[in-house]
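Protein chains: 2
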Amino acid sequence: MSGKPRVVIVGGGFAGLYAARTFAKAQVEVLLIDRNNFHTFTPLLYQVATCALDPSSIAYPLRTIFRKHDNVAFLMGTVTDIDTVEKHIIVETAAGPVIEPYSHLIVATGTVTNYFGQAAIEKHGFGLKNLDDAVILRNHILSLFERAAWVNDTGVRDALTTLVVVGGGPTGIETAGALYELYNYVLKNEYDSVSPKMRARVILLEALPQLLGPYPERLQKAAKKQLESLGVEVMLNAMVSDVEPDTIYLKDGRSIRTHTLVWSAGVKTSPLVQKLGVELQKGGRVPVEPNMRIVGQPDIYAVGDIAYLLDEEDKPYPQLIPVAKQQGILAANNILNAMAGKPMSTFSYSDRGIMATIGRSRAVAWIFYRIQLTGFLAWLAWLFLHLVALLGFRNRLSVFISWIWNYLTYDRSVRLILDTSKDNQPLKEMADETT
Amino acid sequence: MSGKPRVVIVGGGFAGLYAARTFAKAQVEVLLIDRNNFHTFTPLLYQVATCALDPSSIAYPLRTIFRKHDNVAFLMGTVTDIDTVEKHIIVETAAGPVIEPYSHLIVATGTVTNYFGQAAIEKHGFGLKNLDDAVILRNHILSLFERAAWVNDTGVRDALTTLVVVGGGPTGIETAGALYELYNYVLKNEYDSVSPKMRARVILLEALPQLLGPYPERLQKAAKKQLESLGVEVMLNAMVSDVEPDTIYLKDGRSIRTHTLVWSAGVKTSPLVQKLGVELQKGGRVPVEPNMRIVGQPDIYAVGDIAYLLDEEDKPYPQLIPVAKQQGILAANNILNAMAGKPMSTFSYSDRGIMATIGRSRAVAWIFYRIQLTGFLAWLAWLFLHLVALLGFRNRLSVFISWIWNYLTYDRSVRLILDTSKDNQPLKEMADETT
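Residue numbers (this note's numbering), protein chains in the order written: chain A, 1159 to 1593; chain B, 1159 to 1593.
Bound conformation, chain A alone:
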């Protein structure tokens, strides 16, 4: 180890990634830790789950990103504890636990699915927060359709092809729209020669009286209308009360026969934040000073979805990728400022608005919180901004073109039921015995 200060960054999502990049060529040693060996472009997870994209199209090896940054090391593992007195962390790796010291720590571990303590939903539902989730959901849906093709009982068959998405935020809307398109443009054509009566339903449940909470009413209504014009059934004021393997029960007494509950109705911060020794705010978020330093912890910074910081209107900054990126960069710069004895900068969010896509030529966008776009124009804006984001993150124009190609040709080419769990024994056998 060199004599340079050692910054440890926990989490290779957008916040952690942009923090690490900011240290390139600086006189610090950086250790980036993530439980995966890749960064995930999460806005397109739903496209992996709905067979439009390969997992590798939205994941990029972290070591490749930092191949030319000699001061950035990568460790694959899960941070299980933080010792703020000794200034080190404990990382659970495939080779057992290791201790890594830090001079400065950036925690950027993001959120996990929040089932709000409802064990039945957690047991039977499918999250959509990471690449594993997306592949598992893809396998599940394709398997159900294979089974449905050979079932004669109408009720049983319809339950197999009824897909329910819970949560009327951007992820829920995008997923519901993409699921219906997967059925309507692809699966329908491949099953109808055998089972002409096979049909799918995609139902979007939202507990509130409207979709897309933070959007203006006009866009909320446009989103609902566009979803319905596509074929998705939208049910508002619909709260899930219980789930069984083949049924979802709603609070108002209704029920839906289905084997697929995609839960996009909430997130909570990753468990690691409980090791920070501070009182957490709403959603388990970590209170930070405007310079991104954790309140009461001079050498620890929290950035991205786990950070709790109020804007000028006393509302917490939203858990969005642009916030995460900007906070990651700010925390890294403030660590460099502190080392150089310079004053720290405070967070000021450069916000270009919010948008959600619904399906082919369908989207809503609220640009700079002034311009409200719906339909094809909003969809073009969504495409353009994701193109820019994906390119900024890595130079993979060809992937994006192939994605647009898929999208325009109505094809979904990645329809593999690929479950690598069964034969996994050798992996564990040969991997568990070195230390």
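Misleading hints may appear alongside valid ones.
Because identical chains cannot be distinguished in the list, a pair is counted as satisfied if it fits within a single copy or across any two copies.
[As the list claims (entries may be wrong)] Each computed DMTMM-like pair below joins lysine to aspartate or glutamate, with the alpha-carbon atoms no more than 20 Å apart:
| # | residue 1 | residue 2 |
| --- | --- | --- |
| 1 | 1281 | 1457 |
| 2 | 1226 | 1348 |
| 3 | 1355 | 1228 |
| 4 | 1440 | 1469 |
| 5 | 1383 | 1348 |
| 6 | 1346 | 1228 |
Simulated from the structure, these hints should not be mistaken for laboratory data.
Predicted model, so just to flag it, every value in this text is computed and none were measured.
Let chain A serve as the given structure and place chain B on it in line with the hints.
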């Protein structure tokens, strides 16, 4: 069910696929059964295992292939029994066992890895016969490198980065070459800033005194020389006697410290052939008449790797894709001939030669068993023939171009450790309770 004859085809590999295609538009009802929902372009499996290709690039949904063939139905499942008296089969599906009657049956279930009864090799070794195998091997190798980067003990670290391939046939040679290239062109650059002493070894073990058994001596030697020029260590006359989690023991007393044994040293026919009620030949192969009908079973045909048929020189036809394709087509045509009261045709192999690739610009080819090519020319021939084969099988020029692009740019972009086994419970929970 219609009144038409019902042909059941077991196996969606090359033999089964080409048989099913031959029935397109014929007055028969076809049921194609496979345990996967996709056909696998097996010659490129080693490229998935070595991070060069996405799984979806070499797998194509069977339903898509037969989308326009109204007389071909698909059932995902594993055939567990054949009742030749009642003329039906038992298929284990996700919804339980189902019985499917046939008027004619084509068995095309191919081969599985043969560990020759050596339990230790089966437990610790990695096969490379299907897409699951390829993804499991990819995950395993990438995980070992992540661990090796943080190990200080030289012996332990070298064991993690020593990759052993057993079997000097085409698969073993291709895999060993591709593994060394993965290390040499990609992984080396990503780990050396952190662990400058990290180095990998790729060792190819062959029990016989030469590689590529059926090839002429000149090509056998050229293959060995090319592998060694790449960086692969070739050990001939090397038989594995035992395997432990971190060591391979050879019969001659030598041992290799490693956590990775890729077993490409043998295949045997799938277990289903034991249900055919015939005496099996060498390698568990099923004796067939020259019209591909199983000896003593008038309505059952065996095609591809499971079929045992002698050529003019009294040698069994090799277990190769061109043989499988041609036998699948012949069996289908002979069933149509039988139905029409026409005489059956007999198998005559149109054989253009054999080839094996070793790595970038390295290959050996024996074209029409007359022209012997090595090096760049052989590699170009390999590329060209696989391009033609892939295009014949589906129109996916773009995938092939992207693959050549990867190959030429020395990149391996699919380096994800993606294990979907852990959270798989919901899939099983919600899938197991319908019938």
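Here is how each hint holds up against the structure:
1. For a Cα distance limit of 20 Å, the shortest separation of residue 1281 from residue 1457 qualifies neither inside one copy, at 39 Å, nor across copies, at 48 Å.
2. Taking the closest pair of Cα atoms, residue 1226 and residue 1348 come within 20 Å of each other only across two copies (8 Å); inside a single copy the shortest separation is 47 Å, beyond that limit.
3. Proximity of residue 1355 and residue 1228 under a CA criterion of 20 Å is satisfied inter-copy only: 15 Å between copies versus 60 Å inside one chain copy.
4. With identical chains, the CA atoms of residue 1440 and residue 1469 are at most 20 Å apart within one copy only, with a shortest distance of 15 Å there and 76 Å across copies.
5. In this assembly of identical chains, the alpha carbons of residue 1383 and residue 1348 never lie at most 20 Å apart, being 28 Å within a copy and 49 Å across copies at closest.
6. Taking the closest pair of Cα atoms, residue 1346 and residue 1228 come within 20 Å of each other only across two copies (14 Å); inside a single copy the shortest separation is 51 Å, beyond that limit.
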